[in-house]
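S.K.: One rule links them: number in our numbering = place in the sequence shown (from 1) + 1447.
Quick caveat, the hints were computed from the structure, so don't treat them as lab data. Among the clues, some could well be false.
To be verified - Computed beta-carbon distance windows for the label pairs:
id, residue 1, residue 2, range
1, Val1553, Glu1493, 53 to 59 Å
2, Ser1473, Arg1545, 52 to 58 Å
3, Ser1473, Cys1550, 55 to 61 Å
Unchecked claim - Below are the EDC-like pairs computed for lysine to aspartate or glutamate, each with C-alpha atoms no more than 16 Å apart in a straight line:
id, residue 1, residue 2
4, Lys1520, Glu1498
5, Lys1470, Asp1482
6, Lys1452, Glu1493
Cβ coordinates follow ideal geometry from the N, Cα and C atoms, glycine included.
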Amino acid sequence: MRPRKNQLTLSIEDLRAFMVSGKPYSVRMLACIFDASPAAIAAVLETLIAEGVAQSKREPRQLESRRMYWIIKPSLIADRRLHPAQMPGELVGYDLMRLPRLCMAVRR
1448 MRPRKNQLTL SIEDLRAFMV SGKPYSVRML ACIFDASPAA IAAVLETLIA
1498 EGVAQSKREP RQLESRRMYW IIKPSLIADR RLHPAQMPGE LVGYDLMRLP
1548 RLCMAVRR
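Please build the complete structure, drawing on both the sequences and the hints.
M.R.: See below:
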């Protein structure tokens, strides 16, 4: 891949906005796009991995420079509904019959 004529500045927001979720990128490929060294790009990518936004993978026989990085695809709503919701605290003031009372109060 040839370097871009006008390279982008390297920041976490720019890197996250450029990378398409699910598509793998190597550090060499991103170095052709962003105006930074491969070591600096790898450091920013490690920050994204620490935040839980990106993942990386490398085959055991491959060099470290061939490690692939990608942005995690957002989970589907159907996947999130398979498991019960995690509540940080106890519900207070929740009335189960509020909606039926509102429906009965509406004039027909």
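S.K.: If a hint holds in the structure, say so; if it doesn't, say that too.
M.R.: Consistency of the hints with the structure:
For valine 1553 and glutamate 1493, the Cβ-Cβ distance of about 56 Å falls inside the hinted range of 53 to 59 Å, so the restraint holds. The hinted range of 52 to 58 Å is satisfied by serine 1473 and arginine 1545, whose Cβ atoms lie roughly 54 Å apart. Against the hinted window of 55 to 61 Å, the Cβ-Cβ separation of serine 1473 and cysteine 1550 comes to about 57 Å, which satisfies the hint. Restraint check for lysine 1520 and glutamate 1498: the C-alpha separation of about 14 Å stays at or below 16 Å, so the hint holds.
Proximity of lysine 1470 to aspartate 1482 is assessed by CA-CA distance (about 21 Å); at most 16 Å being required, the pair is judged violated. Using a Cα cut-off of 16 Å, the hinted pair lysine 1452 and glutamate 1493 is violated, with the two alpha carbons roughly 26 Å apart.
Checked against the numbered hints given earlier, this structure breaks hints 5, 6; the rest are met.
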